[in-house]
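Asker: Sequence:
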Amino acid sequence: MQTTLAYQLLRTFTKQDIREARKWLASPYHNQREDLQQLFEQLATTAPEGLPLSREQAWKALFSNQPYDDQQLRLLLSYLYRCLENFLLHREA
1 MQTTLAYQLL
11 RTFTKQDIRE
21 ARKWLASPYH
31 NQREDLQQLF
41 EQLATTAPEG
51 LPLSREQAWK
61 ALFSNQPYDD
71 QQLRLLLSYL
81 YRCLENFLLH
91 REA
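Residues 1 to 93, numbered by this note's numbering, are exactly what the sequence shown covers, in order.
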C-alpha cells in the first residue's frame with residue numbers, strides 16, 4: 001500500500017490538510033462514493049505516521065464480507081487519488 005500514489009500523497013498532508021480533505025470527500029458535490037471516504041479514513045490514520053497497511057487489510061476494513069479484489073481496490077485508490085488532486089487544485093485556486 002505504501003507504493004500507491006494516494007498513500008504517498010497523504011504522507012505529505014498535515015493534520016489540517018487531512019481535516020479539510022475529509023470535509024471535501026464528505027461533500028456529495030465532490031464525492032458520491034462512501035467507500036472512498038472509508039478508504040481515506042483508513043489511509044489517513046496510517047499514512048502520516050508511515051505505518052504499514054497492506055492492501056488486504058484495507059480491503060477487509062472496507063468490505064469485510066467480500067473476498068479480496070485487487071482490481072477493485074486499485075480502482076478505489078485511483079479514484080481517491082483523483083479526488084485528493086482535485087482537492088489540492090481547488091485549494092490552490
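Honestly, the hints are just simulated from the structure, not real lab data. One thing to keep in mind: the hints can contain errors.
As the list claims (entries may be wrong) - Here are the in silico distance ranges between beta carbons for each label pair: (1) 48 <-> 78: 27 to 37 Å; (2) 64 <-> 93: 32 to 42 Å; (3) 28 <-> 92: 16 to 26 Å; (4) 50 <-> 22: 28 to 38 Å.
What the hints assert, rightly or not - Computed cross-link-like contacts, SDA-like style, restricted to lysine to any residue with a CA-CA straight-line distance of at most 20 Å: (5) 60 <-> 74; (6) 15 <-> 75; (7) 15 <-> 90; (8) 23 <-> 35; (9) 60 <-> 29; (10) 60 <-> 35; (11) 15 <-> 60; (12) 60 <-> 16; (13) 23 <-> 71; (14) 23 <-> 51; (15) 60 <-> 86; (16) 23 <-> 2; (17) 60 <-> 44; (18) 60 <-> 75; (19) 23 <-> 86; (20) 60 <-> 89; (21) 23 <-> 34; (22) 23 <-> 44; (23) 15 <-> 83; (24) 15 <-> 27; (25) 23 <-> 1; (26) 23 <-> 81; (27) 60 <-> 90; (28) 60 <-> 37; (29) 60 <-> 23; (30) 15 <-> 32.
Ideal Cβ placement from N, Cα and C applies to all residues, glycine included.
Asker: Hint by hint, note whether the structure agrees.
Answerer: Hints, one by one, checked against the model:
Evaluation of the 27 to 37 Å hint for residue 48 and residue 78 yields a failure: the beta carbon distance comes to about 21 Å. Between residue 64 and residue 93 the Cβ separation comes to about 39 Å, which falls inside the hinted range of 32 to 42 Å. For residue 28 and residue 92, the Cβ-Cβ distance of about 23 Å falls inside the hinted range of 16 to 26 Å, so the restraint holds. Checked against the given bound of 28 to 38 Å, the beta carbons of residue 50 and residue 22, roughly 20 Å apart, lie outside it.
In summary, the hint linking residue 60 to residue 74 is supported, as the alpha carbons are separated by about 14 Å, within the 20 Å threshold. A C-alpha spacing of about 26 Å is found between residue 15 and residue 75, which places the hinted pair above 20 Å, so the restraint is violated. Pair hint residue 15 plus residue 90 holds up; C-alpha atoms about 18 Å apart against a cutoff of 20 Å. Simply put, residue 23 and residue 35 have alpha-carbon atoms about 15 Å apart, close enough for the 20 Å limit, and the pair holds.
About 27 Å separates the Cα atoms of residue 60 and residue 29, which puts this hinted pair outside 20 Å; it is violated. A threshold of 20 Å between alpha carbons decides the hint, and for residue 60 with residue 35 the separation of about 12 Å falls inside it, so the pair holds. The suggested pairing of residue 15 with residue 60 is violated, with an alpha-carbon distance near 25 Å, which exceeds 20 Å. At most 20 Å may separate the alpha-carbon atoms for a hinted pair to count; residue 60 and residue 16 exceed this at roughly 28 Å.
Annotation: proposed proximity of residue 23 to residue 71 is violated, straight-line Cα distance about 27 Å (limit 20 Å). Our distance criterion of 20 Å between C-alpha atoms is broken by residue 23 and residue 51, whose separation comes to about 23 Å. For the given pair, residue 60 sits about 27 Å from residue 86 by alpha-carbon distance, which is inconsistent with the 20 Å threshold. Between the alpha carbons of residue 23 and residue 2 the distance comes to roughly 24 Å, so the proposed pair goes past 20 Å and is violated.
Of the pairs offered as hints, the one joining residue 60 and residue 44 holds, with about 16 Å between alpha carbons and a cut-off of 20 Å not exceeded. Our distance criterion of 20 Å between C-alpha atoms is met by residue 60 and residue 75, whose separation comes to about 16 Å. In summary, the hint linking residue 23 to residue 86 is supported, as the alpha carbons are separated by about 13 Å, within the 20 Å threshold. A distance of roughly 31 Å separates the Cα atoms of residue 60 and residue 89; the hinted pair therefore is violated under the 20 Å criterion.
Our distance criterion of 20 Å between C-alpha atoms is met by residue 23 and residue 34, whose separation comes to about 13 Å. About 13 Å separates the Cα atoms of residue 23 and residue 44, which keeps this hinted pair within 20 Å; it holds. Only pairs whose Cα atoms come within 20 Å are accepted, and residue 15 paired with residue 83 is accepted, the gap being roughly 18 Å. Pair hint residue 15 plus residue 27 holds up; C-alpha atoms about 19 Å apart against a cutoff of 20 Å.
At roughly 23 Å between alpha-carbon atoms, residue 23 and residue 1 are farther apart than 20 Å, so this suggested pair is violated. With a CA separation close to 15 Å, the supplied pair residue 23 and residue 81 stays within the 20 Å bound. With a CA separation close to 32 Å, the supplied pair residue 60 and residue 90 exceeds the 20 Å bound. For the suggested pair residue 60 and residue 37, the alpha carbons sit about 15 Å apart, so the restraint of at most 20 Å is met.
Simply put, residue 60 and residue 23 have alpha-carbon atoms about 24 Å apart, too far for the 20 Å limit, and the pair is violated. For a cut-off of 20 Å, the pair hint linking residue 15 to residue 32 is broken: about 23 Å separates their Cα positions.
Of the hints listed earlier, those the structure fails to meet are numbers 1, 4, 6, 9, 11, 12, 13, 14, 15, 16, 20, 25, 27, 29, 30, in rising order.
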